[in-house]
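**Student:** Assemble the whole structure, with the sequences as input and the hints as a guide.
Each protein sequence line maps, in turn, to chains A and B.
Heads up: the first sequence runs through residues 1 to 211, numbered per the numbering used here.
Heads up: the second sequence runs through residues 1 to 100, numbered per the numbering used here.
Fair warning: there could be bad hints in the mix.
Among the chain A residues that face chain B by a calculated CB cut under 10 Å, a handful are [what the hints assert, rightly or not]:
hint, residue
1, SER140
2, PRO142
3, PRO143
4, VAL173
5, LEU188
Just so you know, these hints were derived from the structure itself, not from any lab.
Cβ atoms here follow ideal geometry from the backbone N, Cα and C, with glycine treated the same way.
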Amino acid sequence: MSLAFSEMSSVVLETPLPDLSVLRGVAVTALGVVAVVTGALVFKVDSMARATYLLAASFVAVGAAVVALHLDYVGVVVVLMMLMEMAVMGVFMVMLMGMNPALMPMSMVHSKRRALVAAGASFVVLAVGILLVDWPQRSSVPPEGPAGSTEGGATTYSLGDALMGDHMLVMMVVSPVMLATIVAGVVLAQAQGRYARLGDDLRGTTQGGRR
Amino acid sequence: MTLEVVLVVAAALFSVGLYGALSQQVVVMVMMGLELMLNGVVLAAAGFWWFTAPEPSLQVLLVVVLAAMTVEMAMGFAVALLLHRTSGADMTDMAAELKQ
Chain A
1 MSLAFSEMSS
11 VVLETPLPDL
21 SVLRGVAVTA
31 LGVVAVVTGA
41 LVFKVDSMAR
51 ATYLLAASFV
61 AVGAAVVALH
71 LDYVGVVVVL
81 MMLMEMAVMG
91 VFMVMLMGMN
101 PALMPMSMVH
111 SKRRALVAAG
121 ASFVVLAVGI
131 LLVDWPQRSS
141 VPPEGPAGST
151 EGGATTYSLG
161 DALMGDHMLV
171 MMVVSPVMLA
181 TIVAGVVLAQ
191 AQGRYARLGD
201 DLRGTTQGGR
211 R
Chain B
1 MTLEVVLVVA
11 AALFSVGLYG
21 ALSQQVVVMV
31 MMGLELMLNG
41 VVLAAAGFWW
51 FTAPEPSLQV
61 LLVVVLAAMT
71 VEMAMGFAVA
81 LLLHRTSGAD
91 MTDMAAELKQ
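**Tutor:** Printed below as a string of structure tokens:
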């Protein structure tokens, strides 16, 4: 089966494939607009709790749009990961801000005008580039999964096939990076390490000592 | 429905995130801006996948972007905690010595 996928992925089409279905096209556009609007409201609303929920809504919209583009696995991972991340973010807000984040009105910005100009300019540059570039035609067909699988299921199957096959190096690089992140996160976040308590030689005799 | 529509929406998401990352004073809100920028990258990559080359390689790129988002959040919160503990800072302006 893996052989079939790698062969299939390099097939060059003589005629372009039919586009997304109308329903999916409308869904992707609408969800994208929802993601942009909720994303913009994140920096507009008065409370951090609302900002967190709006950011979560933005991520859910993008995750759903990704699912509508037949990338079921990645879309579902985006939704699940970001909902948990926003929950963690809420905890950090309460912890770091030291206030009731749902009730406290706030506007904590600096260089607002410059930031707006920079954001507007980046959008204009990107949009002009997007509209001017002559994008290539689709060069391959979506993968076919095991018999009876849906299109989304087939892409999930092909992703697993790629990660455990041709693209295993990606997994092998990402895994130690994740481990290093866990270790670095603990090292940075812990209140007092053994070097702070016991000194540079870890014997408790040199400078350092308990602060 | 074309690739351009998806990319323009993704560019809008990226720009909104850029505004947040540049303008917000609270560290957590700055990170929200960065997340929104990566959100745009995810949408753009998914659009590229479908409209140019629906094959596994681009999906793998999306997995890498998701991993980058995770690392960014974890490291960002760890540094925010460290800053808060050492100098009581929860706003970027309170950590201005970092640019010296």
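**Student:** Could you tell me which of the numbered hints above are not met by this structure, giving the numbers in increasing order?
**Tutor:** Every hint satisfied by this model.
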